[in-house]
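Colleague: So you can see what is in the structure, the chains are spelled out below.
2 protein chains.
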Amino acid sequence: MNKKVLSYIIDNNLIKSGDKILVAFSGGPDSLCLLNILQELKNELNIEIGAAHLNHLLRGEDAFKDEEFVINICKEKNIPCYVKRVDINKYSKENKLSSELAGRNVRYDFFDEILKKEGFNKIATAHNANDQAETIIFRLMRGTGLEGLSGIKVSRDNKIIRPILCLSRREVEKYIEEKDLNPRIDKTNFEKIYNRNKIRLDIIPYIQDNFNKDIVKTLNRMSLLIQKDNAFIERFSIKVYNEYCKKDNDSKIFILDKKLFKEDEAIVTRVIRNALTDYSQSHYDFEMKHIYDILELSKKETGKIIDLPKNISVENIYGDIKISSRSKENIIYDKREIAINKKEIGKEKINFSNYEFIMSILNNQSNKSLNLKESNLVKYFDLDKIRENVLFRTRKNGDKIIPLGMRGQKKLKDIFINMKIPKESRDLIPLICFDDEIAWIVGLKISDSFKVTNNSKNILKIVAKRKE
Amino acid sequence: MNKKVLSYIIDNNLIKSGDKILVAFSGGPDSLCLLNILQELKNELNIEIGAAHLNHLLRGEDAFKDEEFVINICKEKNIPCYVKRVDINKYSKENKLSSELAGRNVRYDFFDEILKKEGFNKIATAHNANDQAETIIFRLMRGTGLEGLSGIKVSRDNKIIRPILCLSRREVEKYIEEKDLNPRIDKTNFEKIYNRNKIRLDIIPYIQDNFNKDIVKTLNRMSLLIQKDNAFIERFSIKVYNEYCKKDNDSKIFILDKKLFKEDEAIVTRVIRNALTDYSQSHYDFEMKHIYDILELSKKETGKIIDLPKNISVENIYGDIKISSRSKENIIYDKREIAINKKEIGKEKINFSNYEFIMSILNNQSNKSLNLKESNLVKYFDLDKIRENVLFRTRKNGDKIIPLGMRGQKKLKDIFINMKIPKESRDLIPLICFDDEIAWIVGLKISDSFKVTNNSKNILKIVAKRKE
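So the protein sequences, as listed, match chains B and Z.
164 is the number that this note's numbering gives to position 169 of the first sequence; each next residue is one higher, with no gaps.
52 is the number that this note's numbering gives to position 57 of the second sequence; each next residue is one higher, with no gaps.
Rather than coming from a laboratory, the hints here were simulated on the basis of the structure.
Fair warning: there could be bad hints in the mix.
Stated by the list, open to error - Result set (BS3-like, lysine-lysine): computed pairs, CA atoms no more than 30 Å apart in a straight line:
#1 B/K234 - Z/K148
#2 B/K284 - Z/K212
#3 B/K460 - B/K299
#4 B/K169 - B/K(-1)
#5 Z/K223 - B/K234
#6 Z/K148 - B/K212
#7 B/K284 - Z/K11
So here's chain B without its partners, still in its complex pose (with noise of 0.2 Å):
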């Protein structure tokens, strides 16, 4: 077993002279096994190994009995032990986190806690190819891509190792049973024990049963596989992504030269991805949907400007995509109403929400065929069919517009969610209402009801410009 696991070491080039590596040692069967080997494998490898304990305070006399077992074995192998109690279920209240996350965040936090003290520079952890391929299963019905389907990392960033990841457990329990060692059995962990047991217990005999019995070690191989594939395409996108995505000083605004959509789709992707999540800050997990926006917005005309989450805003600029915030320091919500005279239409700019817009009149006496630039932020409207006043207004509840082209009215709510507006940016959008109907909604759609036609005499241009 100790052969197996320093080939798997070499292969994957996961130890080297001179680490000092932290076990995180549960007192379970696996991470059991685990220091014992790298205990075994102590001088050939020329390493130092400690261990790790987390108490979560969860399963009551339980824990502390975990506890004492790993300080005892610790002690009897001469291995430096560092354990920390933390009550995880109050920690996951106060963060509003499931213990799931909470227990790996604070084990995680503990650990790097020990590693920057105590000089290691590796943390090793005990998964197994059971867990591997029960990892990939869950993840592939849950729904995945590459990253997902490459599993659990052989290693990660040079610093977390998992070396036993080549052993399946029955192999770890016939090593704990060959050593005579006592493990403690863990009653819960941290994963979802349901659905891992129904993949254990149901679905694996069932595909050893009928398909496949070396199931287990078929998806370690694929999985290795994949792993490469994926870091191959990861280190890829971050190459396109240095060269194609510029960020002003302070990293208010990126932008995403238009050389880039010449490249793969599943480049392409990644980099929106990765560009989204370093403006962000945040892990927030940007859907498929959000990045094909924005692919489709690449192709789209200058100025058109897309909303997503995290208050994120994107613009088209002559093909390049410009990502910038519409954090609420720079963000106008506007509760005014202006109304402008019929009269008065041309004297003034006007700013509402966060544009400027600016009115003129056309003439078309001569019924010559009409040739209207229009755009996004560009519309033409039949002045003759405004009785009074334009009005600047926000939407109200009951808003309803003939959208051009159709003859029914409908609701403003309806058209909000078709168009996948997000609701933070629905007060922001202005309304133009001449009289008491609604003429436009600013960058989505205009009413029939005062479309040009070829016998309009009079039209009315708005161009709408967004501020900085």
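Given chain B, put chain Z in place with the hints provided.
Modeller: Quick look at chain Z alone, frame taken from chain B:
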């Protein structure tokens, strides 16, 4: 439904105006649905369609009823129809293929024939979203990589297209019902029905009930993502392949430039596979093991050679990798035994098997510490341990050697098996014996019996040069 398929066609760029599309039409629900939808979209897409049906003569009367049904439907719809009858059982026996593979080969040959004769430019097949999910689960269980996880391709080589891959089996059935179509029900097809049914009737329902009721959609979404990742890696690999793989005029020798091996492993392994497939001009599925053997070889010393299946020989030449043939014309199966008297050593070069051997004697009377530059094909022996003869021969039953560093004898057969030397290569390997004991299995192992020690006075140097 038409709308859904139309936008799938547009999103994936499957059809362009003017295409002439041949529908693979079995008469079953899926292909009937596909034919019907394409017929209804015909004008909108500005395409022509035809139908092709291969009667496999496998299901007695039923096969002829299918054929009749297909012909009638096409007559009704005024669609040109091409039918051919092939005895697949006979064909599969004659060509030693599974009836599954035989059916596929004959079908696609038939389609290609019609494409050429009748001016069609695309073939449409009727795989649906459930077929996709089942294919992915099947491959995953059997073992696969990125290519396999991509599943059924939406389109291949801009020639084979799958326009209803976006429809679930239920949607196809609903369509058939609504349109009051009466498809033929396949009682068998050329897929492994048994496994397929287990996935369809056991695995997918289990996942739907316990994990994810949208599993079919989930896997289809994954497959689209993976297809893009796979396409990128494949394109990139081909670029690298063209850059670093040089061929001689008649493609009898391929050289992989040493610079290749600095690329990412994901790319290097694909380039090696391409080179092997391209060189052997066969669809032989080289194992990952062979590919890693070549990767390893690239790190070894110049002159080292490994043998692969399909008569391929791979050699390290100063870090470059040369792929060439061990084809029988060039290979000498040397049946001779050449004995050289100890006194004659060094007088002549010895030509034996596919090598030329040069022997020379070094003196170490001064007892200086030795600095012998050895390699796979350059070895040193203690001359004084030879009584009379140096003998060149190839293997015989029962041959044994005491490998360097070991005490006991090992069978050559076991050594060949352990070192994974293909059977057909074993008779080519020269054995150099001193008197009646094997001293060198050329290129592989030397004997412990004749090793050079600090006490050796006279040293025999043997250089083996592989002949082109």
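Colleague: Take the hints in turn and mark each one as holding or not.
Modeller: Each hint, compared with the structure:
no. : hint             : verdict
1   : B/K234 - Z/K148  : holds, 29 Å
2   : B/K284 - Z/K212  : holds, 15 Å
3   : B/K460 - B/K299  : holds, 11 Å
4   : B/K169 - B/K(-1) : holds, 14 Å
5   : Z/K223 - B/K234  : holds, 19 Å
6   : Z/K148 - B/K212  : holds, 27 Å
7   : B/K284 - Z/K11   : holds, 26 Å
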